[in-house]
Amino acid sequence: MDPSAKPAAPTPKDFKSALKPIWCPGCGDFAVLNAVTKALAFMGLPREDVALISGIGCSSRIAAYTSVYGFHGVHGRALALASGLKAARPDLTVLVAGGDGDGLSIGGNHFIHACRRNMDLTYIIMDNEVYGMTKGQASPTTAPDWTSSKLTPQGSGIRPFRPAGLALTAGASFIARGFTGDPNGLAKILVAAMQHKGFSFVQALSPCPTFRPEQMQWKHHVRAFECETSSDPVEAAQRIQADDGMSTGIIFRNEYPVFRPGTGVDRGMGSIESEFAI
Amino acid sequence: MNSKNTCDISLAITGSGGAGSITAGELLLSLAGKNGCFGMMRRSFGPQIRGGEAAALVRISHKPVECMNDGFDLLLALDWNNADRFAEEIALRPDSLIIADPATGEIPASFRALGVEIIEVPMKALTEEIAFGRPNMVALGLLSHWLGFCGDEAGKLIDEIFGKKGEDIRSGSRSAFSAGFTEPLIVAAREARPRVERGDPVFSGSRWHFNGNQGCGLGAIRGGIRFAAAYPITPASDLLEWLSPRLEQLGGSLVQAEDELASINMVIGASFGGVPSMTATSGPGLALMTEAMGLAVASETPAVVVNVMRGGPSTGIPTKSEQVDLNMAIYGLHGDAPHLVLGALDHADCILTTEWSVRLAEALQTVAIVLTDQNLAQSTVLIPEPVYQLPEIGGRLKAGPVEGYRRYEVTASGVSPMAIPGTAGSTYVADGLEHCESGKPSTAAADHLAQLDKRSRKIESFDFGEYWADVRGGGQTAILTWGSSSAVAREAASRLEAGGVAVKVIALRLLLPASPDKLARELDGVSRVLIVEQSHSKQFYHFLRAYYSIGADTHVLARPGPLPITPAEIVEMIENWS
Chain Y
3 MDPSAKPAAP TPKDFKSALK PIWCPGCGDF AVLNAVTKAL AFMGLPREDV
53 ALISGIGCSS RIAAYTSVYG FHGVHGRALA LASGLKAARP DLTVLVAGGD
103 GDGLSIGGNH FIHACRRNMD LTYIIMDNEV YGMTKGQASP TTAPDWTSSK
153 LTPQGSGIRP FRPAGLALTA GASFIARGFT GDPNGLAKIL VAAMQHKGFS
203 FVQALSPCPT FRPEQMQWKH HVRAFECETS SDPVEAAQRI QADDGMSTGI
253 IFRNEYPVFR PGTGVDRGMG SIESEFAI
Chain P
28 MNSKNTCDIS LAITGSGGAG SITAGELLLS LAGKNGCFGM MRRSFGPQIR
78 GGEAAALVRI SHKPVECMND GFDLLLALDW NNADRFAEEI ALRPDSLIIA
128 DPATGEIPAS FRALGVEIIE VPMKALTEEI AFGRPNMVAL GLLSHWLGFC
178 GDEAGKLIDE IFGKKGEDIR SGSRSAFSAG FTEPLIVAAR EARPRVERGD
228 PVFSGSRWHF NGNQGCGLGA IRGGIRFAAA YPITPASDLL EWLSPRLEQL
278 GGSLVQAEDE LASINMVIGA SFGGVPSMTA TSGPGLALMT EAMGLAVASE
328 TPAVVVNVMR GGPSTGIPTK SEQVDLNMAI YGLHGDAPHL VLGALDHADC
378 ILTTEWSVRL AEALQTVAIV LTDQNLAQST VLIPEPVYQL PEIGGRLKAG
428 PVEGYRRYEV TASGVSPMAI PGTAGSTYVA DGLEHCESGK PSTAAADHLA
478 QLDKRSRKIE SFDFGEYWAD VRGGGQTAIL TWGSSSAVAR EAASRLEAGG
528 VAVKVIALRL LLPASPDKLA RELDGVSRVL IVEQSHSKQF YHFLRAYYSI
578 GADTHVLARP GPLPITPAEI VEMIENWS
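Chains Y and P, in that order, give the protein sequences. If you use the working numbering, the first sequence closes out at 280, no skipped numbers anywhere. If you use the working numbering, the second sequence closes out at 605, no skipped numbers anywhere.
Warning: the hint list may mix true and false statements.
Unchecked claim - Beyond 10 Å from chain Y on every Cβ pair, some chain P residues (computed):
{"#": "1", "residue": "Lys-61"}
{"#": "2", "residue": "Gly-449"}
{"#": "3", "residue": "Gly-459"}
To be verified - Taking lysine-lysine and the BS3-like style, the derived pairs with C-alpha atoms no more than 25 Å apart in a straight line are:
{"#": "4", "chain 1": "Y", "residue 1": "Lys-18", "chain 2": "P", "residue 2": "Lys-467"}
{"#": "5", "chain 1": "Y", "residue 1": "Lys-137", "chain 2": "P", "residue 2": "Lys-467"}
{"#": "6", "chain 1": "Y", "residue 1": "Lys-137", "chain 2": "Y", "residue 2": "Lys-152"}
Hint data in this document are derived by calculation from the structure and do not stem from the laboratory. Positions of the beta carbon are idealized from the N, C-alpha and C atoms, including for glycine.
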């Protein structure tokens, strides 16, 4: 390669790896992958300056399907791993992705603390209201009367989280919802999320054709929020509560102080060693 | 007294919270340094968060000491509030001395029953005429006189410490000190008893005053740690607190995590980003971290975890020491997960072992668990400045821009070049899923075997050199030990040697990987082996049985905390070998 040549503008394809996803045909996660690569191409970031961190589950396999640096970690801890990376390497653009079980059940504590910590990360929950990789169990976003799981054949009996409401309460500074049936709209939301300074949370409604085939009807219910993005948490809370969870758009955005530990300036060992001497 | 010509004094200062027993103890230890002595101090607290009783347990000696002695020569009680709690810990002998203030009430039966000499000094009353004078400074004066310390040096130290707090406090503290230093009762007591000599100050080098947690912190930053994630847990929190401003000073950072699951994953994330990273915790926290330590092993991400052991299981005895997380550190990871486990042997060794661990973790791209314990972590020593020379170890092997980069390339050493985010052309996905050389997930038997072999080979084939153990002395009797029991074993060995029994002390610093050939060489010609550890279930003994072959006649001294193992217990085991 001629180093003096100006690199051509990146295309979404440049951000895809050669690996073939393990996802089922019709899975919404393909559209999330497309939206992510589209958003990265739009941002024009060098691949090596981006890291995509994921947990465990169908959707968390996404890290391997992009061509940026990635870490496919343990179940539920993607946000913690990404927070460490961002703290140590604030120069990187760090995306985090995973499923509703990964992020809201086993990783629930990290989710609320990532919201309040407000590091400059973008977190995508690919929400299909089910554990797919373990073959169909209820997740924290599953309706209480969903009886198709062998684990909870009578239904979970537990009311689901509203991820956007949870994020708002926990102090997230950017909250949005997208739909995989509208990958361009989702890509636009992701661009806004990445441009946002602070923790941006994007819930991507991503149907599971295998364990939740009824979700293939979501396309008939999803529509855009009728109102503008709010910067008022009270107003945003009301909208989230009034909504059936199927409205898309940027629900809430505000400029909260961004957490960035350390100054990055090395002032040397100084008196650290001499403090030991008497 | 222990000795007439040399100084080796153990004393305890007790009092209610806020009475200043710990301050007096720390100052006394500093003064020991200014008077040519060495020493150490343990703190003991009641269970209250604030306002509970506290004891400063101080040992002052003309030569460096690394463990507490068997018993105490003197107990100074600022008051008797809940002092019974310390009765077990402060073992007095018939010739010991108690100094107490008659104004603070009756001497508890547990102490009075010992029948030791009691000197009653009205410490509180002596301060009544002194503005800003406190009984603990009177106590410092009493003890300084009793120890034969230089009053002028003490005055200078008080000026230095209390000068920052204002003139009233400085001058009040000095006056209170003088009142104690010249108190006729203590002057008479010193005359009446064999005088404590502080020995000739033979050491002219620099003396260091620090605790084990600080030692680990220093070793960590010397090793290159620039990021730490922290979740508070006794007795590791003060290591993390020590690191926080110092990492920032060095251009790094510390993040307080929401739990230990987060802190270890933050460490892995930061290290993936190319920055040497660590966390510190104690037993329950280490248990929470074990899953992610498996991730660090599988993804070959360097990570250092300092685990400060405390009494367990569960919440156990958080403020007291035990060597009981060895099993978890060695065997706790899931799958076949080769990793490093090291144990710091004494305070100075906290620095060396932690620095070495960081360098090893970086070079071998794996997890290093550094085991210390509450005993090391929260006791302070005054010792010659530790000097050591670690073997040269290359840093993390990094990959440049490589066409067809394979993160988990199978190499002869087992170590593969690691691309750091920001490096163009070498992007890859680190994975806890088993993978082939490129990092692509794989369930193929051949890939699994190749990666297992590689991860094991990089550790097994590495030359750890002579630092695997600290070996002292010789003879047909050996003590095999680890961690903070090592210093106790060394002291026992020197006593036995003085009595004509040569004892070799082998303290294992590198626990995993094991070094069976090296130990076999050291045990050549040894006929008796005493294994010493502070655990109820003989964790170290069973570990040795698993990894080593010991032909000699073997006895085990294993007992739980919270009371420290004493040199006398070890001496007795060897003297009464059967």
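A quick look at each hint next to the structure:
no.: 1; hint: Lys-61; result: violated, 7 Å
no.: 2; hint: Gly-449; result: violated, 6 Å
no.: 3; hint: Gly-459; result: violated, 6 Å
no.: 4; hint: Lys-18/Y / Lys-467/P; result: holds, 14 Å
no.: 5; hint: Lys-137/Y / Lys-467/P; result: holds, 23 Å
no.: 6; hint: Lys-137/Y / Lys-152/Y; result: holds, 10 Å
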